[in-house]
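Undergrad: Residue numbers (the working numbering): 435 to 596.
Do not rely on the hints blindly, as some may be mistaken.
What the hints assert, rightly or not - Restricting the straight-line Cα-Cα distance to at most 27 Å, the calculated cross-link-like pairs of lysine-lysine (DSS-like) are:
| # | residue 1 | residue 2 |
| --- | --- | --- |
| 1 | Lys439 | Lys527 |
| 2 | Lys588 | Lys466 |
| 3 | Lys527 | Lys588 |
What the hints contain is simulated information worked out from the structure, not anything from laboratory work.
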Amino acid sequence: MNRTKMLTTMAVLTALGTLGAQMLWFPAGVAKAYPVQHAVNVVAAVSLGPVPAVTIAFLIGVLRNLLGLGTLLAFPGGMVGALFAGISYHFTKRVGGAVTGEIIGTGLFGSLASVPIANILMGSEAGVFAFVPSFIVSTVTGALIGWMVSVRLKQTSIVTNV
435 MNRTKMLTTM AVLTALGTLG AQMLWFPAGV AKAYPVQHAV NVVAAVSLGP VPAVTIAFLI
495 GVLRNLLGLG TLLAFPGGMV GALFAGISYH FTKRVGGAVT GEIIGTGLFG SLASVPIANI
555 LMGSEAGVFA FVPSFIVSTV TGALIGWMVS VRLKQTSIVT NV
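The whole structure should be built from the sequences, with the hints applied where relevant.
TA: Structure (structure tokens):
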């Protein structure tokens, strides 16, 4: 994929993730669930790879925080999930691998990374058992959406890298 096409795809996915956070979210325990972020992570991991996927997750987190649509928890959840999804897809070459990586990355490791951030920077007393279920609900929902979108993109050959 040439550089211009990659940057354009990254910009579009960043915009979709940011706009989707405003339009589609639901309360899930101590956190809000933003399934579009996880869907974008899977699509980015499959179509662009781990580094661009993490970059997109970071940019979405920055924009969501600047626009008041998210919290600092967007960073560990989104970025760790995107990294795991990208690495899992890289080694398995299967969309299901990216979905599994996203669920494990965000649902388990991202939620665990969120605990100290919430305690230190946000003043929250919520512990691991408060974050893990919330992150799992959000991640599974979004990763399944991302799976459907990625499979469809693969079938139509819109994304040439998949």
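Undergrad: Take the C-alpha atoms of Lys527 and Lys588, compute the straight-line distance between them, and say whether it is at most 27 Å.
TA: holds, 12 Å
Undergrad: Does Lys466 sit within 27 Å of Lys588, going by the straight-line distance between their CA atoms?
TA: Violated, at about 30 Å.
Undergrad: Regarding the pair Lys439 and Lys527, is the alpha-carbon distance no greater than 27 Å?
TA: Given that 27 Å is the threshold and the Cα spacing comes to 21 Å, the pair holds.
Violated hint: 2 only; the structure is consistent with all others.
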